[in-house]
Structures are given as C-alpha cells and as structure tokens.
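Asks: Guided by the hints, dock chain D onto chain F, whose structure is given.
Next come the chains, spelled out residue by residue.
Number of protein chains: 2
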Amino acid sequence: MSETIHIYAPATVANVACGFDTLGFAIDRPGDEVFARFSQKPGLRISAMHGDGGKLPREIEKNTATVAAQAVMDHLAMQRGVEMEIHKGLPIGSGMGSSAASAVAGAMAINELMGRPLSRKELLPFALKGEAVASGGAIHADNVGPCLLGGMILVRSNQELDTVSIDTPSNLYAAVVLPDIEILTVAARAVMRKEIPMKDAVTQWGNLGAMIAGLMKADYGLISRSLVDVIAEPYRASLIPAFHEVKQAAVGMGALGCSISGAGPAIFALCEGDQMAFKVAMGMQRVFEHHKIACKRYVSAINVNGAQRLA
Amino acid sequence: MSETIHIYAPATVANVACGFDTLGFAIDRPGDEVFARFSQKPGLRISAMHGDGGKLPREIEKNTATVAAQAVMDHLAMQRGVEMEIHKGLPIGSGMGSSAASAVAGAMAINELMGRPLSRKELLPFALKGEAVASGGAIHADNVGPCLLGGMILVRSNQELDTVSIDTPSNLYAAVVLPDIEILTVAARAVMRKEIPMKDAVTQWGNLGAMIAGLMKADYGLISRSLVDVIAEPYRASLIPAFHEVKQAAVGMGALGCSISGAGPAIFALCEGDQMAFKVAMGMQRVFEHHKIACKRYVSAINVNGAQRLA
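Just so you know, the protein sequences line up as chains F and D, in that order. Residues in the first sequence are numbered from 202 upward in steps of one, following our numbering. Residues in the second sequence are numbered from 202 upward in steps of one, following our numbering.
Bear in mind the hints are in silico, worked out from the structure with no lab data behind them. Keep in mind it's a predicted model, so treat the numbers as computed, not measured. Keep in mind that a hint or two might mislead.
Which copy? The list can't say, so a pair holds if one copy fits it or any two copies do.
Stated by the list, open to error - In silico DMTMM-like pairs for lysine to aspartate or glutamate, Cα to Cα no more than 20 Å straight-line:
{"#": "1", "residue 1": "Lys-400", "residue 2": "Asp-363"}
{"#": "2", "residue 1": "Lys-418", "residue 2": "Asp-368"}
{"#": "3", "residue 1": "Lys-497", "residue 2": "Asp-363"}
This is chain F alone, in the form it adopts within the complex (with noise of 0.2 Å):
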C-alpha cells in the first residue's frame, strides 16, 4: 500500500484594492483539500470529489487540481498512475481563489508523492496552468501566487511569472465576507473598461507603490491611505448588492480599507488586529443579513505559509 498524500490550499485574496491583477494574499480558512497515491492503473484519475455539490467537472483535462497535476507528471516524465480525491472547502465562484486553491493542491500533491523535485515557485506555471481551464484561459498569478508561495505576492508580470513576496506587519488581518449572491466571472470581466484614462492609472500605480512601501514598512496610515482602487471597485460594485453600505461599516468601525476580493462577491477589509477584524466581520456581516442576504465570514492573520502538505 503505497503513502497517501495530503495537502491543503487555502482561500487568497486577489485584486488588492489598488494592485488589480498583481497583488494577492493568502488567508487560513476556508481551503481545498486533495488527496492523492499512486495506483496500479497508468494516468491520472479522480476517485472522488466532495464539496463542490456535482459542479465542477470529473473529467481529468477540464478539472483545475487534475490538469494542474497532469502538467507537473509530464514535466516530470512520470510512468506511474495517481488517484486523486479532491475535496472542495472553499465556495465555487466567490472570489476567494477557489479554482487557484485546487490547482495549488493538485500541483503540490504530485510534486510531494515525487519526492519534492521541485520548488514552490517551480510549480507555479503548472498551478497556473490548472487555474486558466477554469478561467477560460487568462492568466493572473494573483491567486495562485499567494496560495503556493504564502503571504502577500505582487506579480510584477503575469507574462513573465514574475513574482515578489512583500513582508507584511504581524498585526495585519483580513476580515472578509462572502454573500450568498453569484457573480459570473463573465460579468465581472465585461463591466471593466479595456481602456482607461492616463490620470486613473497615475492614480492606481501611486497607491499600489505606497501600499507596498506602506506593508514593508508597517505603516499602517499609508497602507489605509492607499487601500484605494479607481480601476476595478467602481464598476464591480454595482454587481454586489449593498456594498457601499458593508465599505461603509468597515471602514467606519476603523477597518484600514475595504474592497471587493477577486471578481467577488466576497469582500475583504484589512485591518490593525485581530480583534478589530473579527468586529469589522460581524459589522459587514450584519449589513448583507440587514438586507436578508446569507454571508459566510472569515478573520484570519495573512497566512504566511501558504499550501502546506499535512500528511
């Protein structure tokens, strides 16, 4: 009986405010798990699949964890076959890094039951390459970055693969909440504009460069002062029902910022401690059940460690 691998890839959140595209972090909870152990029979195959309620694909070419998995076997030439078991913990289509989280997970795995020839951020073009079946293609490492590599990642260049870890302070939390609404990334996608005015991109690339300068140097007033997004926020938000209203608690209870995570419909609030970003939770949370919306909430330290293997 051969070793079962166990791994779990937690929840990120993508689009920081002002790094649309280029800046993510890893939270601890919700998270996918996959388990995986080689078989008799030659390939890849997926002997169970819990949590996603019958809707993501079994078939081993349009599955996230099972194509990411199957690009790391080819690079690694592998004869032998694996069976996997994928277990999803994280909300499909919320915004959380869902499909990044399996990708991580199945990647990771056959990587583990190798023997560990490769690094984490080896890995990341083949996690990458799990995450785009379900993204019809695009590649942004936002999500997958922080989820392989833990921590707060900024993409210099989703073309080249590029990515940067920034230390963070060690009191910096997230609060974030996920109403029970459906966003298609589709939708998401076509309410951006494909061009946007000179003083808006000046606008964004300031506060990404302070929001950077703000996480490396602790600075908690510049990290506020830039959790400011002109790009994306302003035309998603009409896509989730009472946003400005849940900012508004946030920020007002004294969240450092507060916007949508991803595509959505989660939204995330950074803030100075634990305790403040477990109120900031519950005060969001109150404005979506104010409005008889069902909402998940999450508080988590920025997870450092990213994927982990616990067995």
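Replies: Leaving out everything else, chain D in the frame of chain F:
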C-alpha cells in the same frame, strides 16, 4: 547688515521609468542656488539672476523661485522686504527638474530667513506653486518632492500631496546624460495618450510595485527587471535622436535600466556602483557624440539630503 541665506537645490530625475508622474530621485549636481537677505524695501524682489542666458522671467509673479518664495511669505504673513539673487546651475528645459530646484530654493530661503518655522514637508505645497508657473499649472510632485526631501520619493497622490520616502541601496548610482537638443514640454505632453489600454496600465503598476520592493529590499535584479516604461518612453523616445541606441549602450554595458529623465531630453541610467555609473555615463555620451550631438554627463549617488542651506 542682515545675514544672507544661501540655498543649494539639486537636480532631480522624475518619471523614473515605471513611475510616470509618481517616482523621482535627487542627484548631487548640477543644482540651483538662491541667496536671500532682508531688504529695506518692502516686498520681494530679484536683485540679480545668473546662468539662465536671459531666458527666465525677472518678474516675481512669473519666476518659479520668487513665486514659491512669495507663497511662503504670504503664508507666514511676512512684513519685511526680501531681495533674492538666483544662480541657475541647472540647464533649463532639460528634464532634470530645473523649475523644481529654483522653486525649492526660493521657498527654503524664506523659511530659513524666518528661522525655519516650517518643516520640509510643510514647504512642499509652496514649492509646487512655484514649479506650477513654469509647467503651465500642472502639479506633479515627483521633482519638487525629491529636491526638497532628498532621496527617492514616491508620490502616492499628487492631489493630496502624499509623498513617501523610499529607502534605496547605498550602492545605487545614477548616470545622467543631457544632449544639446531642445524638447518643448508641450510637445512631450502632446505625444502622450490620454487613455491607455488596461493591459499597459497593469504592466506599469506591476513594475512600479516591484520597483518599490526592489529598492527597499536592495534587490538589484528586481530593480533591473522593474525599470521598464510602457507608458511614456515608447511615445517620447522619438523626440530624442538616438535614444534607443543610447539606451542599448547603457544596458549593454551593465546598467540596471535606462529611460528618459522627466520629459527629457536628459536620459538616466541606474547602476550598481559608481564605477559602473561612470562607465555607463561615458558610453551614453559617446553615442550622442557619434551622432554629432554635444552632451553633458553627470554621475551621482542617490542624493539623500536634497536641498541644503550652505550659509
């Protein structure tokens, strides 16, 4: 006989590749000097002006140094008269922050004359007011900021005048060459697009974020990969004969990166070490001379002090 205040304000490189309208740094030389003393006559006047070849206005409401000085005098409700002697060491219309240097020197001279009631940061809006008269009213703090505050300055917001000092590696040097050609600021602005593709904007802010991280981590490789401008350089390069050849020479000799300083025609390269910077500066100069274009060159560490009171 009252004391004479003597201020030196250095050249600055703005629009640092990926940091269009947001990132600038000070160098040691050249610079402008202002001498100021109380006078019997009320109000502000220019007693002498040197080094501008008669090109700059002598009217106090049009000269950048005196507009900035007057703004500080008004703010402090000064009753006594002041006379000011201006020595332009900085070439006009060079892209090396000539107007900013005069404005900073003018504002600082008044502040010193009054016993320094204002901090450097508090002088920022007054110096910018001076620079604005030369730039047709547009306010961008990426020259005035580093000239006044020293070092590498990120302007988070030009509207809010929110500036951030970015630590730089001690071995980071700039090579700057100034070819003897004229670019009208109007022309440099006219070639720029008012709207830019989202894709270019994401590329630019990914690079700016990474540049900030690279500087703060003293990661020369990352600084080098981030020194890319897809916004201004591709459009302004055509205004500088042989630009691409000069850049090619700089990068070929080992510069970390090379781009247009401000709106040009000066060109800067960032380098690891002073010897590399000297070599690169000479190499860039050689290209211009090969094209029969006279060219000055400057080599400097990042000037962390900015403007100084010399007497």
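Asks: So, for every hint listed, does it hold in this structure?
Replies: Now for the hints, and whether the structure bears them out:
Proximity of Lys-400 to Asp-363 under the C-alpha cut-off of 20 Å is restricted to the inter-copy arrangement: shortest distance 16 Å between copies versus 26 Å within a copy. In the homo-oligomer, the alpha carbons of Lys-418 and Asp-368 lie at most 20 Å apart both inside one protomer (9 Å) and across protomers (10 Å), since each shortest distance falls under that limit. Taking CA atoms no more than 20 Å apart as the test, Lys-497 paired with Asp-363 passes in neither setting, with 33 Å inside one copy and 36 Å between copies.
Checked against the numbered hints listed earlier, the structure breaks hint 3 alone; every other hint is satisfied.
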